[in-house]
Structure formats: structure tokens, C-alpha cells
Amino acid sequence: MIEGDIVFLPMIPLIIASIITVSFRGKISNYITSISSMISCALMLYVSYKVLILNQVIRSSIRIGPELPSIPLNFLSIRFLIDSLSGIFIFILGLVGFLASLYSISYMSRFYDKEHLGFYGFNYMVFLLSMYLTLTTRDLFWFIIFWEIMTLSSQFLVSFEKEKRRAVWAGYKYFTITKAGSEVLIIGILLLIIFYCGMNTDFLVLRYVMKPGKLLNNIIIALLFIGLAVKASLTPFHTWLPDAHPEAPSHVSALLSGVMIKVPIYMMFRLYYFFFRPSLLWGIIVSVMGIITVLIGAFYALIQEDSKRLLAYSSIENIGIIILGLGVSLSFLSINNISYNVLGAIALFASLYHVVNHAIYKSLLFMVAGSIYYRTGSRDLDVLGGLSKYMPLTALAAIIGILSITGIPPFNGFTSKWLLYSSTIGSGTPYVIMGILLLFTGGITIAVYIKFYTTIFTRPPKKPYTMEIKESPPTITLPLISLAILCILFGLFPIIPWYIIGDFIQRIYPLRSYIGIYPGLIIVPTISIAFPFLLLLVLASIIFPLLFAIYLGYRKSISITWASGILYKSSPMSVSSRSYYNVFRTIFSEVYSIGDTLYNIFILKTSSALRKLFEAIYYVIENPPYMIILFLLLILLNYIILWEGWYIID
Amino acid sequence: MIRIIFALINVLIALIIAPLFDGIERKIKARLQNRRGPPILQTIYDLGKLYRKENIFLGSRLHFITPIIVFSNIFIALLIIPTFIPVSIYFIGDIILLLYLLSSSSLFLVLGSISSRNPFAITGSNREIMLSIGSKLLLALSIGVIVWNKGSLLITRLFPLVPPLVPSSILSFIVFIIIAYIESMRLPFDIPEAEPEIAGGILIEYSGPNLALILHSIYLKRILFASLIINFLFYGSILFPGYLGILIYSIIFLALLFIVSIVFTVIEVFCGRYRIDHALKFIKNLSLLMGVIILLALYGY
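Order-wise, the sequence lines are chains E and F. Going by the numbering used here, 6 is the number at position 6 of the first sequence; the sequence numbering is gapless. Going by the numbering used here, 4 is the number at position 4 of the second sequence; the sequence numbering is gapless.
In isolation and in its complexed conformation, chain E is listed as follows (with noise of 0.2 Å):
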């Protein structure tokens, strides 16, 4: 075997596998469908492994069809790069669909006697093969190919639950907003093709055949990050994700939340740090983008009462985290001043670093409200409550899960959001206004995670549950405690992520070299936690075993819960989900109106207005007149394309 024709190992059992599975039904198929994903995403991990760890750069290329003179040599065959920064996308997604397809054996046991799985199964790893398509094929054609049967794929897996109206309803949204977002998206690259590269669109010409500066290049910039933005769920165009996510069986949405999002973020990466130069005009629009999303995510993920919904919303947030710190690091890095440019590669770190954060913690959060759908039967939060008693490994995997997503030290999201605020606060730019703000949907965040936890875990029910309730079994909880496991190493051992994302730090801007210039949280040269941040963490670790072993000497009496005197009832006596932080909604009801504006111009407006175009555009194919007109004209631009000479066949 060639050396680069690893890039094809990890899609044999995955083609193989979803073909023979369409032909079987329940247990069989779905067997079939986690043990062949868990192997293809073992094998993930192991070209991750090669291209991060050992620093190999995979190339590999496959014909698809006989070489004719007439057609591009791209649209024939299929080349493959896996470099850093695939690698990177490539470990969340073999990390997170291993432990998805594992978590999957047991979850979709619910489902053996109501849905067809073999479809299931063979979504569900088409859905895994075009995502690891997309992330590994160096061709912004086959790019756009491979998304749109990801976005396709993926849909099936959202509507699932067929006789559901929510699900089909969802799935539908879904689609039809992503695939209006990567019709912008092909009108970029479409530009991209007349104007600069012809058909071929390889990544790597694409690099050399910018001209930097054209108001051309902003435009083309702008559509793609538009149409990756509507996929990447970024504010005005984020409204698909909350009805999206909840819906599909919940280790398909940790693979959603997780992984799927990250892979327009992916894209954005390369549009600006290898098809173009960062610039500041961009760092300050896309970090704006960023922070908005963390606003909007952060405040209506406040007010839900479903618990996958609210995971949404916060993983909205999430990526506005990301891409602010995408922003941050473009607009310093564009900056010719070492101190800025040190501060922007942070602010890459602390991005990278939050892609792989975001990914672990949300597929454990995703995967703690399945494991709780697995044996309740809900999601709602009103109906939940009392769990932490019969779920207990899934109560401390949640609560792990949560002070890793809000950044209590010493896990890991505070790890990597503490980089984004060193490089924002400590800037000195108004970017500290960003770092402000973030700050502050800290608080917010924290607000959500404990609303999810009591109104899950402590909060007695509403009423008791009709089914016996115990501990998920062992192919749900492993998921889960490897997840956690990982959430602490990850904040502890800031070297481990460096690994995973130091090499494409590193070829973006040498951040390792500048040694001492930045002793914060972590030490830049060594990349570990510093040692007086570790000599608190230490005491802290002896002042709370030492506080417990004196607790334990303490005599100890067993009560229960005082009410005023009288039994403790627990349907009157517990809030609904519903109210809490009423108040705050209504005190802060002005940025909850001005999301809803942004819905209504975002999506109401623009639907209807694309409504119009398309009625337009029927008006005009049904009447032969002016069809022969288009024609013509199209014919006409063709030529003058042609004669100018841009038109390029390499």
C-alpha cells in the first residue's frame, strides 16, 4: 500500500457496512452499524494519530472515471490532503463518533420495534463518510459535493423519529435553511471559478491565484463565509439548530453538536488563513459575528425547558466562542507588531482549543440527556427531576460535563476560554469589550447549566415515574466516563491539545519560539499549566480532602428535608422549569425582542423575499420567450469569459 492511501482506510467499513445494512432490519442492522463505525473511527483516530502525532502530511488521490480530454481533470478524480488542520477536525470527529457509535448499541435498542434501522444505519454512515469526505478532500468541488451530502444525510437522521411532526417538521427546517446557505456558498465558489482558478479549484492553487486587496475578493470572502456561517449556526442564521439538534437520537446529536458544526468552522479556518491573507477588516466582522452568537446563544439558552434544546442553544454559544477567537486571531495577526501577533496565536490556541473543548463536553452533555431519554422516555424538563438517586454515574458525568462548559477551573473549558480572555482583556484594543462581554455570558452560562442539572438531577418530579428508573447500561455510561475522564485531562494537561493543534499553530505563527514573552495560565514554550496556578490547584486539593476527612469524623444524623412543618410533598413544592429566572427574562426582555427581530428579518423576510426570486425565476423558465433570452445571454457571458481569457484549464 502506497504511504497517503491510509486516507482510505477508515471509508472501507463505512461503505461496505451501509450497504449491507440497508438490507436488515433492527438488531442486526443496528449491530452492524455501531461495530463497523467503531472501527472506521478507530481508524480515524489512527490517521489523526499519523498526521499530528508523527507529522505527516497525507496526500492520495483516486479516478473515478476514464481521462477525457474535454473535462477537468478534477471532476475524474478525487484528491485527498490531510494536513494539520484536517487532522484536527478529523481527531473530534474519530474521537466523537467512536464514542457516539459505541453509545449507539445500546440507545437505539429503544427504537427496534418502531423505525427501520437498516435507513438508519445507512444514514447514519453516510452521514460519517461525507463528513470525513469533506474534512479530507483537497478540492473546493468536491468540497461542495461531499457537504451537501453531509447536510443531505445528516437531515434523515434529524427526522427520524418518522411519526413524529416535530422531527419531520425539524428535519425540514433544517434542510431547507442549510441548503439555501450552500447555495451561497456555491455562488462563491462559482465566483472563485470564473474569476480566479478556472475548474481548478485545488486548495492549494487556490492559495497562489489570489490577488490580495480586490473589493472582488471580499465579495467571494463574504459569500463563502455566509454559507458557512448559515451551517456553523452563527446568530441571524442560527435558527435551524435548536429545533435541528433535539430531535435526532441523542448520540446523532452529539455527533451533530459536536462534530458537524465544526466542520464549516473548519472551512472558515482555511478560507482565511490559506486561500486568503488574514485580514483586520475580517477579524473585526467575523469576531462580531462571533460575539453576537455568544449573546444570543447564552440568553435563550436561559429560557428553555427541554433539555436537548437547551444544549442547542448553548452550543450556539459555543461556536460564537470559537469564532470570536477566529476573529480576535485574524485581525491580530494581520497586524504587523510582534506583541499582536503573539496575542493572535493565542487567540488560535484558545479557538482550536475550544473546537476540541467544545466537542468533548457537548457530546458527554448530549450524551447525558440520551442516557436520561433512554430510560425516562423525555426530555422535558418539567417532567424530569429526582435522577441524581437512580443514575448516579450519569449524574457525576453531568456534572463534570457542566463545570467543564462553564469554566470552572481547573477543566477544561476554563482552560480555553481563559486564552480567549488573555488575548481579548489583555489586548488593551477594544477587543477587551468582547472579552467583556464574555465574561459576563460566563455568569449567564452558569446560570443555564445549574436550571439543567437541578431540573434533571435534584429537583424532585412533578409526578413519580410510572417506569422503573436505574442506571443506563454499560455501552451508555462507558461514553460517558471516558468523555469526563477526557474533560479534566484536557484542562489539566493543556500539552495533550497542543499536540492535537500545536503543529498548525505553529505553521501559522510561531508561538513556541517566542519563550517568556507570555508567562500566563499556560507557559507558552513548555505548554503547561504555570506553576502558581498548579500550586493553588495543589492546595486547593489538600484544603478539601482535609476539610472532608474532618467532616467524616463529624457525628452525622439523617434527616429529611424540612417543609414547614408539614409532609414533604413534592409536586407543589418543586418550580417548574418554566419559572426559573423569570424575573431576569422579564428585566432583560429587550434582548430577547431583538432576537426575535433577528429571526423575523433573517429568516421570515429572507424566505419570503427568495419566495419571490424563485416564483420569479418559474415565471421565466414557463415562458419560452424569455428563457430563449437567458439563454442567449448566458451563452454571451460565456464567451466574453472566454475571450478575456479566464477561463482556465490547467
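Be aware that a few hints might be false.
To be verified - Dumping the calculated EDC-like pairs for lysine to aspartate or glutamate here, alpha-carbon to alpha-carbon at most 16 Å:
| id | chain 1 | residue 1 | chain 2 | residue 2 |
| --- | --- | --- | --- | --- |
| 1 | F | Lys284 | E | Asp382 |
| 2 | E | Lys162 | E | Asp243 |
| 3 | E | Lys556 | F | Glu193 |
| 4 | F | Lys281 | E | Glu590 |
| 5 | E | Lys27 | E | Glu148 |
| 6 | E | Lys463 | E | Asp380 |
| 7 | E | Lys164 | E | Asp243 |
| 8 | E | Lys462 | E | Asp380 |
| 9 | E | Lys462 | E | Asp382 |
Just so you know, these hints were derived from the structure itself, not from any lab. Owing to the predicted nature of the structure, the values given are computational and were not obtained by experimental measurement.
Fit chain F to the known structure of chain E by using the hints.
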């Protein structure tokens, strides 16, 4: 190593001073209301008694364990800032660690309190968390502006406030004083516990050493914010060389803490409790003001 020992000594002094200050405040309050009041050492006696009592387990491990976590959070936070002896354990970006330790303590306090399943505790926690979002907003804004003007993320470099004499810094320092007041759970803002209304709120199900730890961490938090205020005003300006100088510094610091405590107490006596929506509205208006201050900072004032 000396630094660590001094920082630990700081915290140990604070552990004793904090309940003592509360005792003094109780006395002052009583005198202002024409009462006799308890002896000055009453809070220390109370804590001592509570620490020696038995611990009550309500069937929720989270509820049982969180007071320790709350206490250790505040303990670690106190190590970061210089107090009686002007030393601390520091690294760049420790101000962010401080803010996160504070919010971590309120997170655990609320988690533990709700786990008790008591309706009063749930109401109190709900209020506590809304109030802490609000104060977090103000804290982020004011500390952010100060950091912006001082140009450093190191806590000790933020002190003292004055050398860049800019209006935005001073205005946000005033807002910071208000936050220090809100965070120390004093009267218009003691909505989460609200003794007469919801019978102790978040503290209701805690008793014995658990209650003592939470009360102790509240007193420590008061010391923490008061010493931040003092450091912003006087840090480094009253330090004389030598060990004697450090001793004098500690005494002056203690006196200043005392003054802050008296001022806060006197304000407290004249206030009735806010309703939670009034408090949030107050915080919102203040944060709009902070928006103006940020604009000032943006233009270099």
C-alpha cells in the same frame, strides 16, 4: 516559598478577622437602632458552636459536600489577592481566575442548596443565581475597564488605580464598590437568604458545620471585596521597608478594612430589602451606565 507562607498567613488572619468584623458590624447596627446588641465576639462564638455541632445528612451527597467546595473556592481566591501582608500567589491572568472562582463558589452554593429540595431553598437559589448573573455583568464591565486602562491582567499590577488618571477608571471603580456591596450579601441585596421572608433561603437546610462553612465563606468574601477596594486605593503607597514596615502596613490595612466595614454597615442600616426584580432593574440601569463608561474608555478617557 516565603511568598506562599505569607499568603497562607494572610488567609489565616482573614479567617479570624472575618467573623470578628461581622461581630463588630452587628454591634454597630444594634447601637444605631438603639439596641444593646450582642458582644463583639458573638459571631466567633456562633461559628465555634456551629463547627462543633453534628452534621445533618439529607440524603443528597451534593448537598452535603458543596459547603466545603464553596469554602475552598473562597480560600483559594483569597490567596490570589494581597491583603494584610502585601504578597500573593500570582500569574498573568489571575484576575480571570479570581472572577471564575467567585462564580464557581456561587455555582456550588446554589447546586448544593437546590439539592436539598426545600422549596424555600429553591426560591432562594433562583434569586441568588439571577443576582449573581447581574453582578457578574457589572463585575466583568468594571474590572474590564480597569484592566483596559491599566493594561495588565495581573491583579497586583491593577493596584493602585490612580496613575493613569482617567475618568472611566474612576467611574468603574465606583461601580466596583457597589458590586462589592452587592456581593457581600448586605441588606438591600440579601434577597437570596432574606431571613424574614423565605426563612434563610439558600441557607435554610444547612446546619452545624455545613452552615458554619457557608457563613464563614460569606464573611471571607466580604473581606475579599473590601481588601480589593482598599488595594485599588492605597496599594503600595503606604508600604515601608523592613519587617516593621510590613507590620505597620498590616495595621493600617486592618484599620482601612474596618472603615470600609463601618461605612457598609451604616448604609445597610438605612436600607430595606429590595425585591429581586427591583434589584435586577437597578443592576441593569447601572450596567447601562457602564456602557457609557465603556464608550469613554474607548475614546481614551
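(request) State the violated hints by number, sorted upward, taking the hints as numbered earlier in the document. (result) 1, 3 and 5
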